[in-house]
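With the hints as constraints, model all of the structure from the sequences given.
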Amino acid sequence: QGRLVESGGGLVQVGGSLNVSCTASADTFSRLTMAWYRQAPGNERELVARIDHVGRSNYADSVKGRFTISRDNAKKTVYLLMNNLKSEDTAVYYCNTHPYVRHFWGQGTQVTVSS
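Counting in this note's numbering, the sequence shown runs from 11 upward without gaps.
Pairs of lysine-lysine, DSS-like flavour, derived with a Cα cap of 27 Å: (1) K85 x K74; (2) K96 x K74; (3) K74 x K86.
Simulated DEER-style distance windows between Cβ atoms: (4) D37 x T122: 29 to 39 Å; (5) V15 x T43: 10 to 20 Å; (6) G65 x G18: 14 to 24 Å; (7) V64 x S97: 30 to 40 Å; (8) H63 x H113: 19 to 29 Å; (9) P51 x A84: 33 to 43 Å; (10) R66 x N93: 14 to 24 Å.
Think of the hints as simulated: they come from the structure by calculation, not from any bench. Yeah, the Cβ is synthetic: ideal placement off N, Cα and C, and Gly gets one too.
Here's what the structure looks like:
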């Protein structure tokens, strides 16, 4: 079955950038709508961005204009480029399909934005 592994998180200052990645094992990856979600301490997991199988994307209002989701189907990888990071972007970032599949949740990657 499918497995998703996130990487690329870290500590960055306000206004900085990070590019997180998620690599899948599913053979059906190229046909799936993929998404990035995030969960901050004390908050529910929220949808950040999604991208369909042909590259059309949608973003949460809070990240629109700052984040860019992309995918490389040959590498079975989805990316999230985060620019102009704010302290409120601090969270664990996860990838999954959209709608999500419960057993696809991985460990996520921690993004911490410091001021």
